[in-house]
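Asks: In case you want the letters, here they are:
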Amino acid sequence: MCVQPAEHGDLALPTGDAYREYLGELVAEGLLVPMGVRGVYGRGRDFERVIVRFDEYVARASAELAPEVLRFPPLFNRSDYRRIDHIHNFPDLMGSVHTFTGGELEHREMLGKFERGEDWSRNLAPAEVMMTPAICYPLYPTLAGGTLPEGGRRVDLQGFAFRHEPSDDPARMQIFRMHEVVRLGLPGEALEHRDYWLARGGELLRAVGLHATPVVANDPFFGRGGKVQKAMQREQSLKYEFVVPICSAEKPTAVGSCNYHLDHFGAAFDIRSHDGSTAHSACVGFGLERVALALFRAHGLAIGAWPRDVRHVLALD
Amino acid sequence: MYSEQIRPLVAQHARLRMAVDELTDESDLYRAGLTSLSTVNLMLALEEHFDVEFLDRMLGRQTFGSIRCLAEAIAELRGATDRDRIAG
Numbered sequence: 001m002c003v004q005p006a007e008h009g010d011l012a013l014p015t016g017d018a019y020r021e022y023l024g025e026l027v028a029e030g031l032l033v034p035m036g037v038r039g040v041y042g043r044g045r046d047f048e049r050v051i052v053r054f055d056e057y058v059a060r061a062s063a064e065l066a067p068e069v070l071r072f073p074p075l076f077n078r079s080d081y082r083r084i085d086h087i088h089n090f091p092d093l094m095g096s097v098h099t100f101t102g103g104e105l106e107h108r109e110m111l112g113k114f115e116r117g118e119d120w121s122r123n124l125a126p127a128e129v130m131m132t133p134a135i136c137y138p139l140y141p142t143l144a145g146g147t148l149p150e151g152g153r154r155v156d157l158q159g160f161a162f163r164h165e166p167s168d169d170p171a172r173m174q175i176f177r178m179h180e181v182v183r184l185g186l187p188g189e190a191l192e193h194r195d196y197w198l199a200r201g202g203e204l205l206r207a208v209g210l211h212a213t214p215v216v217a218n219d220p221f222f223g224r225g226g227k228v229q230k231a232m233q234r235e236q237s238l239k240y241e242f243v244v245p246i247c248s249a250e251k252p253t254a255v256g257s258c259n260y261h262l263d264h265f266g267a268a269f270d271i272r273s274h275d276g277s278t279a280h281s282a283c284v285g286f287g288l289e290r291v292a293l294a295l296f297r298a299h300g301l302a303i304g305a306w307p308r309d310v311r312h313v314l315a316l317d
Numbered sequence: 001m002y003s004e005q006i007r008p009l010v011a012q013h014a015r016l017r018m019a020v021d022e023l024t025d026e027s028d029l030y031r032a033g034l035t036s037l038s039t040v041n042l043m044l045a046l047e048e049h050f051d052v053e054f055l056d057r058m059l060g061r062q063t064f065g066s067i068r069c070l071a072e073a074i075a076e077l078r079g080a081t082d083r084d085r086i087a088g
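Protein sequences appear in the order of chains A and B. Mapping the first sequence onto the numbering used here, position 266 (from 1) lands on 266, and the numbers just tick up by one. Mapping the second sequence onto the numbering used here, position 44 (from 1) lands on 44, and the numbers just tick up by one.
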């Protein structure tokens, strides 16, 4: 099966214009519904349908490896957040949930600020939860202090992740779904998982007409210290992204990634392999909204006009 | 020439699995437990102590791989700073 991606002359537009133009088309078609905040949208019927079908398609591929299947809410324990280095590495992307915990007096004080249009958020206190920045994060604390069986563990995950990065780029949403498959175990097992999905992920995307190129990438680590982190992540080829042009050929968009975490999560949560060593981990993740955006870009905004083989692979008929 | 000044900073910020006295100047700091996050902490401490800023091309494992590599990087950066001061 070989599906050629459609050619789009407007991929040559300046990136900002291209973002707004594609976003305008998606909104006009009812695929995305603006909610008044950049990067936060409702999803229309056909957009959601593509996401659900691609999600099921990934789930079928994942099932070939017989993983455990787990689903977590888009929130996780604030005390677990303290055990990962997210606040050091990505402080600008975090989402911290706050709520009101005061009494009558404090309520009246907050209401006064609210009515006067002042900043009432200072009267809130942190809740027990943080927004989940990556959907595999809630998994590791559930394994804390434990020993993995021989062969490690494979876990299939899907859910919403939050990253505070408001943007006009429809592919840079603040809240979006990922489908991930995680492997924890010996270093060789984690690397084998990463390399398996580098090949398999590319196959899955090509079969739906997305000619995704795997490239060595880095996470958007914060600040000057982040420059070191980015360089080291690239030096060790810890992260690969599947990139496809959505709005810009020069700045293609990552629709998925394969990541080797070394023992980062194993050490943070004291997870051990069967031989007693600190567990290593790796994951593949598909950004479901981004895949949908790439599919609508490649094949057009009307699903009925998509190539027959793509509709067949995604069970869209 | 800077390695003796670097050692206490490594001890304090690198979060190694062993005492810094057990390391030679050539010992591999990453084998001794230096992580990417502790590299950042070490870098910021070195920058503050020596009043330098690591150049983008230096931001990698090679620069931070041993006390000797760090001493050479600091010498290069301090050399540039000292030259600026003389010129200024």
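In short, the hints are calculated from the structure, not lab data. Where hints are given, some of them may not hold.
[Said to hold, decoys possible] Stretch-level coverage of chain B by chain A, calculated; a stretch enters the list once three of its residues show a Cβ under 8 Å from a Cβ in chain A:
{"hint": "1", "segment": "38–48"}
{"hint": "2", "segment": "56–69"}
[Claimed, not checked] To give an idea of the interface, some chain A residues facing chain B are shown, with a C-beta separation under 10 Å as derived from the structure:
{"hint": "3", "residue": "85"}
{"hint": "4", "residue": "89"}
{"hint": "5", "residue": "93"}
{"hint": "6", "residue": "138"}
{"hint": "7", "residue": "202"}
{"hint": "8", "residue": "206"}
{"hint": "9", "residue": "221"}
{"hint": "10", "residue": "223"}
{"hint": "11", "residue": "225"}
{"hint": "12", "residue": "226"}
{"hint": "13", "residue": "229"}
{"hint": "14", "residue": "230"}
{"hint": "15", "residue": "234"}
{"hint": "16", "residue": "235"}
{"hint": "17", "residue": "237"}
{"hint": "18", "residue": "264"}
Bear in mind that the values here come from a model prediction, so they are computed numbers and not experimental data. Where a beta carbon is used, it is the ideal one built from N, C-alpha and C, also for glycine.
Asks: Determine for every hint whether it applies to the structure shown.
Replies: Verification of the supplied hints:
1. 38–48: It holds: at least three residues are needed, and the segment 38–48 of chain B offers 5 whose Cβ sits within less than 8 Å of chain A.
2. 56–69: n = 5 at 8 Å, threshold three: holds.
3. 85: Since the shortest Cβ distance to chain B is 5 Å, the answer is holds.
4. 89: This hint holds: residue 89 of chain A lies near chain B, its Cβ roughly 7 Å from the closest one there, short of 10 Å.
5. 93: violated (16 Å)
6. 138: violated (21 Å)
7. 202: violated (27 Å)
8. 206: Constraint on residue 206 of chain A not satisfied, violated at 33 Å.
9. 221: Holds, about 9 Å.
10. 223: Since chain B brings a Cβ to about 9 Å from residue 223 of chain A, closer than 10 Å, the hint holds.
11. 225: Holds. Min distance 4 Å.
12. 226: holds (8 Å)
13. 229: holds (5 Å)
14. 230: holds (8 Å)
15. 234: Hint on residue 234 of chain A: holds, closest Cβ of chain B at ~9 Å, below 10 Å.
16. 235: holds (6 Å)
17. 237: violated (12 Å)
18. 264: Interface hint status for residue 264 of chain A: holds (8 Å vs cutoff 10 Å).
In this structure, the earlier hints numbered 5, 6, 7, 8 and 17 are contradicted, and the remaining ones agree with it.
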